[in-house]
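Colleague: For the record, the sequence lines run as chains A and B. If you're matching positions, the first sequence starts at 1 in the working numbering and goes up one per residue. If you're matching positions, the second sequence starts at 214 in the working numbering and goes up one per residue.
FYI, nobody ran anything at the bench for these hints, they're computed from the structure. Values in this document were obtained by computation on a predicted structure and should not be read as measured data. One or more of the hints may lead you astray.
[Unchecked claim] Partner residues are not named here, just some residues of chain B that face chain A (Cβ under 10 Å, in silico):
id, residue
1, Gly438
2, Arg439
3, Gly523
4, Val525
5, Ala564
6, Val592
Even for Gly, the Cβ is constructed at its ideal location relative to N, Cα and C.
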Amino acid sequence: MLRSQQPLQTTARVDHLLIAEMVAEGARVLDVGCGDGALLQLLTDTKGVDGRGIEIERERVNACVARGLSVIQGDADQDLDDYPDDAFDYAILSLTIQATLRPKAVLENLLRIGRRAIVSFPNFGHWQVRTRLLLTGRMPQTENLPEPWYESPNAHLCTIRDFAELCAKVNASVERSAAFNSSGRQLSTRVPLTVQNIFGEKAVFLLKRRSAY
Amino acid sequence: MNTVNPQEFDLGAEPRVSEAQRPSSQTMHFDEPLVLDCGQTLAPFSQAYQTYGELNADKSNAILVCHALTGDQHVANPHPVTGKPGWWETMVGPGKPIDTNRFFVICPNIIGGCMGSTGPASVNPKTGKPYGLSFPVITIGDMVDAQVRLIDRLGIDQLFSVIGGSMGGMQVLEWAARHTERVFTAVPIATAAWHSSQNIAFHEVGRQAVMADPDWCGGRYLELGRVPRRGLAVARMAAHITYLSEEALHRKFGRNLQDRTARSFSFSADFQVESYLRHQGISFVDRFDANSYLYITRAMDYFDLAAEHGDVLANAFKGTKTRFCVVSFTSDWLYPTRESKEIVQALNAVAANVSFVEIESDKGHDAFLLDEPELFATVRGFINSAAAKRGIAPAHVG
């Protein structure tokens, strides 16, 4: 399952703005799990990208196409295999990897399809998550992860450290990473990973394939 | 240019026959032979077509609408035989998703058809008689090759869009595969890249019904002044079921009785659904040629875009520059979503620019012709954003 978690928003999300900053002008972009198309629209408007999207929910796909975005109905777990190598400059997975069935395979596909991959995800290492689990002994529910475990679309939650390890495992080099705290402010990039993993509620990674696959 | 003398062989006053031979549409004649996939040539030949809107100065705003099996060129004007509204008036017209205030819309009758383009009901100039079964077996590719001649003659280098549903969608795919540089956008709706075994099977039932009618006369009924009414009506009835869904039939008719309160214990049309199908069959015969039905269903059966490209569908679209918008409907079991997805997968494999929308509808395959707001919104949004990229001026009002 692949589901964009964000409701329709009129103002750009902070992680979207950071992604837009990472993407080069006029690039070819695939947004996997593009939701209502907010990020694609932002990238089209501010960076003039040639953008494509994949989204699992029919109504969202139709809304995207009706507003002129090139979006197909599909699933990150199944449909990425269809794309050729290096088809895009950037393959983006925004707050979606935790909802995939095979995050490692999806990440490998992103790195194959895109010359660079941009992945954002909710950080399960955030101090609120840690303290709730510690104090209540239950799966944490936070503002960022609001559903109870049995209703959550998230199948594979991870921490910033976990994700950094996965990147090393799939031979991706981290060109840039950033974390945002719960008020949406970006943490200083000078802060070590261990601290980001405590205070970051969401993280964004810009990745590049290290070698030929 | 005109080598056919339509006055030579007058086959009666029936509107169906006269439209085939003296269409009320514009008609373009072609003397240079059309080389067909079967190896034969067709010459001379004609194509009847309708246009709507105006071609702009740089000829960039032309949209080709391709019709389905039993459709024709009368997409947005009253039908000359039935008097009914055009078959896609909800989609094509001033202010409609395909806005004729902005675009120049061309809809030709396919070759093999019976509304004025050369087909089995046309008079063969060599014999002075209707072609009947001496008409060569044509393919979707042949239909498209003929349309290319028409577009050439109109002086249009690149079509802004080629749009069609069902068999019209097959033509769209063939256009995009054979002439990507001439197709800026392609919108194949409720269609597939090959005809399934089940679809071939239904077509065969229809053809056998036509050929079993004694009035078919081995295909020479026009010469003999007869019409295989019952056979063609049965073919239409069977086909019509495939255009609907069980849910739509149930919603529309249920087990309701027609004009009676109790079963008649006979074989008259007790049920509303029977009465409806009989009406569909009978009214179809008044406007369609039985041999055309055989030829066109055959062309659809033969359609297999992958087979034309080394059994790899993606090869059909290699290097494509065309922007695609593929549309399917949830309850369409004739051309199910799965088959649209195969097209999308092939397009993704060559990194084509593709959108794909599955629209929820319980109306079956026919949904593409009906009032489906989500379809209109999709086509409108896709067309308008592509038109902006192509630099086509917005619609002028008034």
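Colleague: Give a verdict on every hint.
Modeller: Outcome of the hint check:
1. Gly438: With a minimum Cβ separation of about 52 Å from chain A (threshold 10 Å), the hint on B/Gly438 is violated.
2. Arg439: violated (49 Å)
3. Gly523: This interface hint is violated because 17 Å lies over the 10 Å limit.
4. Val525: With a closest approach of 13 Å, the B/Val525 hint is violated.
5. Ala564: Since chain A brings a Cβ to about 4 Å from B/Ala564, closer than 10 Å, the hint holds.
6. Val592: holds (9 Å)
Taken one by one, the earlier hints fail for this structure at numbers 1, 2, 3, 4, listed in ascending order.
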